[in-house]
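Assemble the whole structure, with the sequences as input and the hints as a guide.
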Amino acid sequence: MKIGFVGFGAQARENLIPACNALFGVEIAAICDTDPAKCLEAASLFKFDEAKIFSNHCDMMDKCKLDAVIVACYPSAHYQIAYDAIERGIPVLLEKPVAARSEDVIRLAEMAKRKGVITGSGMNFRFADVTERIKQIYNDKIQMISLRQMANKPVSVLWDYNSVLKSFLHAQTIHGLDLLIHLCGSVKKLSVADNSSDGNIIFSVLLEFVNGAHGTLITSNTSPHFTFDLDVLADDRLHIKSTSLSTISVADMDKTYLKGERKRWCDTWAVSPLSSGYSRAGYTGEILDFINAIQAGDRDSKTALSTLIETYRCMDAIEEQCKRVLAVNY
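Numbering of the sequence shown is given in the working numbering, commencing with residue 855 and proceeding in unit increments.
These aren't lab readings, by the way, just hints derived from the structure by calculation. For every residue, glycine included, the Cβ atom is placed at its ideal position computed from N, Cα and C.
In silico DMTMM-like pairs for lysine to aspartate or glutamate, Cα to Cα no more than 20 Å straight-line: (1) K919 / E941; (2) K917 / D938; (3) K1095 / E986; (4) K1117 / D1089; (5) K967 / D938; (6) K1156 / D983; (7) K1109 / D1090; (8) K989 / D1089; (9) K1043 / E1174; (10) K1043 / E1164; (11) K995 / D1089; (12) K1117 / D1085; (13) K995 / E1062; (14) K1007 / D1052; (15) K1117 / D1106; (16) K856 / E881; (17) K1109 / D1085; (18) K1042 / E1174; (19) K1095 / D994; (20) K901 / E881; (21) K989 / D1121; (22) K1042 / E1173; (23) K1109 / D994; (24) K995 / D1106; (25) K1177 / D1048; (26) K901 / D889.
Computed spacing ranges between beta-carbons, pair by pair: (27) D1052 / W1119: 44 to 52 Å; (28) D916 / A1171: 37 to 45 Å; (29) G863 / R955: 17 to 25 Å; (30) F902 / L877: 17 to 25 Å; (31) P872 / W1119: 37 to 45 Å; (32) D1121 / N1006: 29 to 37 Å; (33) T888 / V1011: 16 to 24 Å; (34) K1043 / K919: 47 to 55 Å; (35) R987 / A864: 23 to 31 Å.
So, in structure tokens, the structure goes:
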């Protein structure tokens, strides 16, 4: 499986390329970046000659016989790169945010469907070890879910966006919101309680899902460290907790523990200290699923662009409600 990378920044170097290197049969066949310094760095790292290093993504697609392209550059460039790949029939995986606008996500998803081209996206938390296990624990459905997602960035505008709020939504919130939708399905209604000011983002989202479940997303860029903690109530008896994508505890109302006790006991699971961070955070899983879909030829990937339309719709709704609150406050 020969893969070409567009973008040789931190995300590609630190997460995506190492995750690819951990998979048997995957070859990084070409690198494209508009920054000459990064091209030189890529050539040195992979011992590539100039025939495998490009400054133009179309040249890379046309001159290299690639099985797939992975894109990790400025979101404003994602649309055109994905369009050019799909037009050529080349499967493409876009790092998040896959696009700056919902309209672009919809257009690319529709184009990929018409052309029969497999797509993927950087929604790695769908494949995190913790996520995979939580889905195996409950039998019927989730009744309630709550996620606390805190970070210390971004505190300034990213990429070529026009606000810290949109930067935060597309850099941080997208992961938590997408995971809630991944676990519970489409959203029927959402409302936002927003206490943001200046560059400090603090808001909570109440979500009502079509399947009857409800959930909350509590998030901010004012925490000194990254927090990603889940509480799940499922099957009318299970309380599942997850902390920082590394531990799970399960309290079961129907389970009897030592001396017949049922309260104050729980089962726990923790990620192995030998587990690679690429597997724990889901990078390996998202890329492996993308590759498996290409090889199978009869399905799209589980992170296909079409699966992100609902996430973007909800991000737009959150942004609109937050802007409305800010306008009233001012």
